[in-house]
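Protein chains in written order, with our numbering: chain H, 1 to 105; chain F, 1 to 105.
What the hints contain is simulated information worked out from the structure, not anything from laboratory work.
A quick note: this is a predicted structure, and the numbers were derived from the prediction, not measured.
A portion of the hints provided could be inaccurate.
The list treats identical chains as one, so a pair stands whether inside a single copy or across any two.
Each computed DSBU-like pair below joins lysine-lysine, with the alpha-carbon atoms no more than 35 Å apart [claimed, not checked]:
(1) K81 - K70
(2) K67 - K81
(3) K96 - K67
(4) K91 - K38
(5) K39 - K81
(6) K67 - K38
(7) K91 - K67
Protein chains: 2
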Amino acid sequence: MIALTPDTPYYAVIFTSLRTEGDHGYSDTAILMEELSKKIDGFLGIESAREEIGITVSYWSSLESIKTWKQQADHRIAQRKGRELWYSAFKVRICKVERDYEFSL
Amino acid sequence: MIALTPDTPYYAVIFTSLRTEGDHGYSDTAILMEELSKKIDGFLGIESAREEIGITVSYWSSLESIKTWKQQADHRIAQRKGRELWYSAFKVRICKVERDYEFSL
Numbered sequence: 001m002i003a004l005t006p007d008t009p010y011y012a013v014i015f016t017s018l019r020t021e022g023d024h025g026y027s028d029t030a031i032l033m034e035e036l037s038k039k040i041d042g043f044l045g046i047e048s049a050r051e052e053i054g055i056t057v058s059y060w061s062s063l064e065s066i067k068t069w070k071q072q073a074d075h076r077i078a079q080r081k082g083r084e085l086w087y088s089a090f091k092v093r094i095c096k097v098e099r100d101y102e103f104s105l
Numbered sequence: 001m002i003a004l005t006p007d008t009p010y011y012a013v014i015f016t017s018l019r020t021e022g023d024h025g026y027s028d029t030a031i032l033m034e035e036l037s038k039k040i041d042g043f044l045g046i047e048s049a050r051e052e053i054g055i056t057v058s059y060w061s062s063l064e065s066i067k068t069w070k071q072q073a074d075h076r077i078a079q080r081k082g083r084e085l086w087y088s089a090f091k092v093r094i095c096k097v098e099r100d101y102e103f104s105l
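The following block holds chain H by itself, in its conformation from the complex:
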């Protein structure tokens, strides 16, 4: 679903990735990480899709909340496995959302 984020400004982390072959526990961990990230104070929402590349955008109220999530213990283990097993490449972009607008039928 399209994330229901508050009025700007807020923050976005754009995580773009290329997967390696095979699952290697990736799918279970992805579900768990999404559940855990939602428990972090300042988490606002998440959007995700994968075709040739995967794009996951998570939204946060502050840079501090992003840092808290980056340093969360289980997430740190997942980050290590990401480099060792799951991703052939990724890029992380930390952004300030300055303006937004939307449309719906």
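Place chain F on chain H using the hints.
Leaving out everything else, chain F in the frame of chain H:
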């Protein structure tokens, strides 16, 4: 592919969308819009994936380049068709990319 963007800061436009049923000329226009956006001065790259939702992130050197693309004539026609035909909902977020880092095997 993961977009090869320059050193921060630069800008990102996160376009998250839900499609209506059927193509209605969407696919051809999507390809054309990607080609046209690349011709705008300040365009840096684009990343796209669709599953339940579609996420397209385009990268730009400045807010002015984003505005130029938003007002481009063919793009304006596509935006109107987007509201009339292709999307049941979308959200556009204009962001300043403050920091980034990457990994590759």
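Going down the list of hints, with the structure as the test:
no., hint, result
1, K81 - K70, "within (14 Å within a copy, 40 Å between copies)"
2, K67 - K81, "within (19 Å within a copy, 40 Å between copies)"
3, K96 - K67, "both (14 Å within a copy, 18 Å between copies)"
4, K91 - K38, "both (21 Å within a copy, 21 Å between copies)"
5, K39 - K81, "within (21 Å within a copy, 39 Å between copies)"
6, K67 - K38, "both (14 Å within a copy, 33 Å between copies)"
7, K91 - K67, "both (16 Å within a copy, 25 Å between copies)"
Comparing the model with each earlier hint shows no violations; every hint is respected.
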